[in-house]
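Relying on the hints, combine the two individually framed chains into one complex.
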Amino acid sequence: MRSKSAAAPFGLWMLIFTIVPMAIVVYFAFTDPDGQFTLANILEIRNYAKPFLSSIYLGAIATVICLVLAYPLSFIIARSTERVQQTMVMIVMIPMWMNFLLRTYAWMSILEENGFLNQFFGLFGLHFNMINTSGAIVLGMVYNFLPFMVLPLYSVMAKMDDRVIEAARDLGCNHFEVFRRIILPLSTPGIVSGITMVFVPAVSTFVISKLLGGGKNYMIGDIIEAMFVGSASNYNLGAALSLVLMILMLLCMAFTRKVDNDEETIGGMMA
Amino acid sequence: MKTLSRIYTALIFLFLYSPIAVLVVFSFNNSRNRVKWNGFTLKWYADLFENELILESLKVTLTVAILAAVISTVIGTLAAIGIHGMNRKLRQTFLAVNNIPMVNPEIVTGISMMLMFVFVFRMTGLLRPGFFTLLLAHITFCIPYVVLQVMPKLRQMNRHLYEAAVDLGCPPVSAFFKVVLPEIFPGVLTGALMAFTMSLDDFVISYFNAGSTAQTLPVTVYSMTKKPMTPEINALSTLMFLAVLLLLILVNVAQIRDASKKGRKI
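Residue numbers (this note's numbering), protein chains in the order written: chain A, 1 to 271; chain B, 1 to 266.
It is worth saying that the hints were derived from the structure and are not from the lab. You may find that some hints are simply not true.
[To be verified] The calculated lysine-lysine pairs, modelled on DSBU-like cross-linking and capped at a C-alpha distance of 30 Å, are:
hint: 1; chain 1: A; residue 1: 258; chain 2: A; residue 2: 159
hint: 2; chain 1: B; residue 1: 89; chain 2: A; residue 2: 4
hint: 3; chain 1: B; residue 1: 226; chain 2: A; residue 2: 216
hint: 4; chain 1: A; residue 1: 159; chain 2: B; residue 2: 89
hint: 5; chain 1: B; residue 1: 36; chain 2: B; residue 2: 226
hint: 6; chain 1: B; residue 1: 2; chain 2: A; residue 2: 159
hint: 7; chain 1: B; residue 1: 59; chain 2: B; residue 2: 226
hint: 8; chain 1: A; residue 1: 50; chain 2: B; residue 2: 227
hint: 9; chain 1: B; residue 1: 36; chain 2: A; residue 2: 216
hint: 10; chain 1: B; residue 1: 43; chain 2: B; residue 2: 59
hint: 11; chain 1: A; residue 1: 216; chain 2: B; residue 2: 227
hint: 12; chain 1: B; residue 1: 43; chain 2: B; residue 2: 226
hint: 13; chain 1: B; residue 1: 178; chain 2: A; residue 2: 4
hint: 14; chain 1: B; residue 1: 43; chain 2: B; residue 2: 227
hint: 15; chain 1: A; residue 1: 50; chain 2: A; residue 2: 216
hint: 16; chain 1: B; residue 1: 36; chain 2: B; residue 2: 227
hint: 17; chain 1: B; residue 1: 59; chain 2: B; residue 2: 227
hint: 18; chain 1: B; residue 1: 226; chain 2: A; residue 2: 50
hint: 19; chain 1: A; residue 1: 258; chain 2: B; residue 2: 89
Only chain B is shown next, with the shape it has when bound in the complex (with noise of 0.2 Å):
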């Protein structure tokens, strides 16, 4: 039975992994052809850094990331303190409404706002296509993210420890600053990174809402796809799954920290 088990498990791994090892063998392969190895090389990386596309895109995509993973920090980690304070019924249903963005389909989510843009330009010449309608986008998607992160450390919070500090005499912000932000810190940092990774990773929405100004690295990736292919493609997927891999590993570092700092105070 364990050895079935670990069979099974080698298996299903190996077909979760298979495609990436593709990806990332044949970005060192020394010919255009996908499937047969011609020999090592690292062109494809050398020729990925004098790609002006590529390198646009990914100033995009990365300005976009850090303006929607700070903005949505933002808004998220207030809305869960509002939401926290409410009462049962109300908190229920700005709950449901965070719920939208992450079940609803991600194609109905992006041509709903690219129609709103539209909409909107039609009706007063303003929100024309492009970097800041593909920002406002990113922010709504990642705003959910932050919140569902930051309500579990809230609820964990002693909220005496906040009380205590007003009735000490501390104004309710710097009370915030001082008490409240710091215990709930390592939520809000998840959080971040989880806004910032959705929106390195998102393709469906930035397809529809972008117009042709300001493209992201995936959107594209997919016009590359559509083309005679390239193995600059496999470069550039190695790297990203490298720099994915990274921040993964420096959020669980933060959550094992915040988890051994806890076993300390118990």
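So here's chain A without its partners, still in its complex pose (with noise of 0.2 Å):
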């Protein structure tokens, strides 16, 4: 069956509404509203390094401590027997298929002054500050991507073989040097899959920092969002630093390729 023409119509539907409306991001970003060349918006972004810079920070340790959470989670799915694996992965992914905007929103009544969380911690006498903080945006986003750290480090480890660890236990290695060793390496492409999978939709939400962040932690989607929504919009300076987030992703796309490049060199050799 050979029969390129087939994926013509696609490769015209992604031109027109993939790479064009890219391209026109980078006309929006070196023009003015007039549609003259100018460097202005692009001079403009270094105004905006505080929320780049946050935002960048929130994803970090949402994206880190989503790594600490779903590595062990992974690990005891990937050991257990097919029948429960299957199950266990639909019980992470289920959550998922819920509009996300219901479940942050949900975090509200749960997070909020007289919430679930201090109803709960009040009968030990304790008492949380979390709505509207900084923690709790990065609550939000651990709970939303959650899920797309645990599949890529669950796919790995399903395929390790159990008798490479069982091999470096029997030559003398401890439960330590097992896992530095062997797991650690082995499940190092779904690290990065996972990291590149959380970090980039963190670091551009705009929904989680503006219901759980009381919309005073501003984050760079949520600037974003403005240039383009509501009456203080600015399309030029928007696509400008919309050019930044793009930029990100090709940067954190090359890292995985580069890691992915890498571990391919060792797949072989275990191979």
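See the structure below:
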């Protein structure tokens, strides 16, 4: 079956609706509202260094927490029997299919001043001020993106050969050494793709910070949103700021590809 | 060790499901209070079905999701067949393009299409933001999921089957419908269902491309969360959750059937 032309509608569609729009973002970033070339928008970016840095900072914390939480869980899932594995993966996936706005909204009732968290810990005389803090934003990110970390980790761990771990034990490795020398290197591709899959959406989110951060902890997503929706809109500056997010995404992809290539040699040796 | 990992797993699952439990339980709460239980009621469900705004956006959401799923499935399946027949280099380029909407931050995908529609509208007066732009945007982010579901089925397929059909005098088009399509159908179906759920669930891209005339349900929910809350949202989310759960079960049944069919063949 040699029918390359079947992909023609796809090629045309993706050209018009994916590649051209990205070129138009670049065009808007380098022009003023009258369509004249300008660098003003690009220079203006430095005034937004603070929200950019705080988005990267919060996104990075959320990514690390996701990794720490997901790693043992994925390992537990991957070491279960096949039937249990399928069920547990389903259990991790199902919340993802509930609209994330609604889930984040539910966290508002848990975290707020008289919310369920404080009702529960109130029994022990404890009280937490969570809502409208950057801690609440990080929690919202961890909650929404945890499955994106579990799935790639689980899929590399499920493919791991038990016999390699047994061999290492037989040859005298203790638990820590088995982890450091066998499990960790073999799961690196999963860690890398998990990090990208959590970090990129976490940095660029604008809903979580609005709902849980009380609208005073601005993230870069909130600022870009404001540039496109509402009265204070400025498409050209918004495009320039989005350009930075696009570059961030490209960097993440390059990082993934690099580690993947390094891994291929190790994987090749293993096989 | 075993107990420890059980407790750990249970804690994570508790974390994942507690907000959902809160939403579902409080959809039956007989008060507008979000944190205090006040007795059982079904009135929010009844109110929900009288809320014009919600019903209207539900209609938009479903129409867009069905159209986007059908169109992206056709384009995506054809694309997978075309890409499958390409040489390595061309195939990698096409797959890289296919990945763009999946790895791009959603907000960037959303605003890039919005800017293009704005641009075209300024130039020609066509494509005013509304139902049509919304549909175009949804088809775009749905296509990659279909391609990724159909590709592996094509790789598994025995390509001599198609060649045999053609050699025996079957015209290529009917060979496609009689031989290829039945083989890859599970992938096509999963792709279509994934496209449907993705479209149903999308907020960010719809938010920037819907205009004011064609709000989807998530966009409406977002505008509702800004105002003093009504428990109708809880009722709505419970129903949506059930709907998605049902769809997921359907997808799974389709996959299990496919797997057991394979098992019989072997």
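Hint-by-hint comparison with the structure:
1. 258/A with 159/A: 21 Å, holds
2. 89/B with 4/A: 13 Å, holds
3. 226/B with 216/A: 14 Å, holds
4. 159/A with 89/B: Holds: residue 159/A and residue 89/B sit about 28 Å apart, inside 30 Å.
5. 36/B with 226/B: Between residue 36/B and residue 226/B the Cα gap is close to 21 Å, so the pair holds against 30 Å.
6. 2/B with 159/A: Holds, at about 21 Å.
7. 59/B with 226/B: 22 Å, holds
8. 50/A with 227/B: 29 Å, holds
9. 36/B with 216/A: 27 Å, holds
10. 43/B with 59/B: With a Cα-Cα distance of about 22 Å, the restraint between residue 43/B and residue 59/B holds, given a limit of 30 Å.
11. 216/A with 227/B: 17 Å, holds
12. 43/B with 226/B: 22 Å, holds
13. 178/B with 4/A: Satisfied, since the Cα-Cα distance of roughly 20 Å is no more than 30 Å.
14. 43/B with 227/B: Holds: residue 43/B and residue 227/B sit about 20 Å apart, inside 30 Å.
15. 50/A with 216/A: With Cα atoms ~13 Å apart, residue 50/A and residue 216/A stay inside 30 Å; holds.
16. 36/B with 227/B: 19 Å, holds
17. 59/B with 227/B: 23 Å, holds
18. 226/B with 50/A: 26 Å, holds
19. 258/A with 89/B: Between residue 258/A and residue 89/B the Cα gap is close to 19 Å, so the pair holds against 30 Å.
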